[in-house]
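Asker: Residue strings, one per chain:
There are 2 protein chains.
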Amino acid sequence: MRILHHIPLSPFSRKVRLVLSEKRLPFELKVEKVWERRPDYLDLNPAGTVPMLVEENGLSIPDSGVICEYLEEAYPDTPLMGRTLAERVEVRRLTAWFDGKFYHEVTRNLLGEKYMKRLIGRGNPDATALRAGYANIRYHLDYIGWLAETRKWLAGPSLSLADFAAAAQLSSLDYIGDLDWTLNAPTKDWYARVKSRPCFRALLNDRVTGINPPDHYGDLDF
Amino acid sequence: MRILHHIPLSPFSRKVRLVLSEKRLPFELKVEKVWERRPDYLDLNPAGTVPMLVEENGLSIPDSGVICEYLEEAYPDTPLMGRTLAERVEVRRLTAWFDGKFYHEVTRNLLGEKYMKRLIGRGNPDATALRAGYANIRYHLDYIGWLAETRKWLAGPSLSLADFAAAAQLSSLDYIGDLDWTLNAPTKDWYARVKSRPCFRALLNDRVTGINPPDHYGDLDF
Chain A
1 MRILHHIPLS PFSRKVRLVL SEKRLPFELK VEKVWERRPD YLDLNPAGTV
51 PMLVEENGLS IPDSGVICEY LEEAYPDTPL MGRTLAERVE VRRLTAWFDG
101 KFYHEVTRNL LGEKYMKRLI GRGNPDATAL RAGYANIRYH LDYIGWLAET
151 RKWLAGPSLS LADFAAAAQL SSLDYIGDLD WTLNAPTKDW YARVKSRPCF
201 RALLNDRVTG INPPDHYGDL DF
Chain B
1 MRILHHIPLS PFSRKVRLVL SEKRLPFELK VEKVWERRPD YLDLNPAGTV
51 PMLVEENGLS IPDSGVICEY LEEAYPDTPL MGRTLAERVE VRRLTAWFDG
101 KFYHEVTRNL LGEKYMKRLI GRGNPDATAL RAGYANIRYH LDYIGWLAET
151 RKWLAGPSLS LADFAAAAQL SSLDYIGDLD WTLNAPTKDW YARVKSRPCF
201 RALLNDRVTG INPPDHYGDL DF
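Chains as they are written, first to last, in full-length UniProt numbering: chain A, 1 to 222; chain B, 1 to 222.
Be a bit skeptical, because a hint or two may be false.
[Claimed, not checked] With the C-beta cut set under 10 Å, the calculated list includes, among others, these residues of chain B facing chain A:
no.	residue
1	Pro46
2	Glu56
3	Leu59
4	Pro62
5	Val66
6	Glu69
7	Ala96
8	Arg122
9	Thr128
10	Leu130
11	Arg131
[Claimed, not checked] Interface residues of chain A toward chain B, partial, derived using beta-carbon atoms under 10 Å:
no.	residue
12	Arg2
13	Trp35
14	Leu42
15	Pro46
16	Arg93
17	Thr95
18	Ala129
19	Arg131
20	Gly218
21	Leu220
[What the hints assert, rightly or not] In silico DSS-like pairs for lysine-lysine, Cα to Cα no more than 30 Å straight-line:
no.	chain 1	residue 1	chain 2	residue 2
22	A	Lys117	B	Lys117
23	B	Lys101	A	Lys30
24	B	Lys152	A	Lys101
25	A	Lys152	A	Lys30
26	B	Lys188	A	Lys101
27	A	Lys33	B	Lys101
28	A	Lys117	B	Lys101
29	A	Lys33	A	Lys152
Derived from the structure by calculation, the hints contain no laboratory data.
Cβ coordinates follow ideal geometry from the N, Cα and C atoms, glycine included.
Take the sequences, apply the hints, and build the full model.
Answerer: Put into structure tokens, the structure is as follows:
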């Protein structure tokens, strides 16, 4: 069986889970406590990160960006990266935006400080980082809302990796109660559409020890 | 004419210049002072980063990762990302390693602190960051050396984007005199081979106002 090594609230692990499920590729999840730096895991992935996908033929694929490019090439039946060159640029541009800019400006400052730091025993959240995260999330939600108002899906007329990259970041933040859905109505409507897809179900049912998500987290109508 | 908006010592701009030249695609360079946040530039690339490529047909492509995927799809004649799925995973894995891990652990701590900070008027280098950069570069040079000893090129039997991603980071650090080439002989040999390619010539001839590179920088035999 295909195995995805992951951490439940890692937005990058979540993105890959969504892509695998949307492409209807069965997989088994294994939690990898990356901070323990297991030698067997580092042999397969010297960067020591999650997610890492291991195919049934033994091919191991680290890095969520590398995994998503691989899945698109290996399993093209449900295309998630656009068809024309221009469409593919836009899908990849927005995916890089959410994986890079959104993560560094928002998710790392909130989820990273409040959850990951505690998980690996690195102390209390830094107040400056939290302030930056709460300030930055506002303009990011506005940008998502603007995209959602001007297009059917974030990168254009078709559902794509860009929607999953964005939804993965938001779902991790939503789990820890850090999303104020009243801030932007079009963003909320778009997220409700993504979250209602069958590929999202397993994510919404996951529970992490010691943290309960807010009531609306698993509610498909909020 | 195709235009690449860049900053001369940005390793990500350098990576794209190497790929364009290796694929024999003519282009014009325009320096973009990203810290000035020009509205016309932000219209094309809301992330406000370099590099950004603008094709003759008007298609604008931001983010060095997105640009390199685009160039491989649009101009496949000189393939730089491997042929089989496994080869492509390895090229992308190493490219992500140099763009992500190497950049954050080394280049940002050295070039970022010593050059970029001064360029944008953000004060003096942080001593802790410099120490981290000089400590981290040693194990990164060892890893490159190990790859170079066990394979013809970093990702396998063919020259690939992984070689350019690594060489771009190293060439930026070499320009500011931060590379001690005595640390790892196989890394030095591999770099001499990459640096001798015609695609590297323009990079080695570039000069940045106020900083002269060490004598060996442009010397193909060191």
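Asker: If any of the earlier hints don't hold here, list their numbers in rising order.
Answerer: Numbers 2, 8, 9, 10, 11, 12, 13, 14, 18, 19, 20, 21, 24, 25, 26, 29, in rising order.
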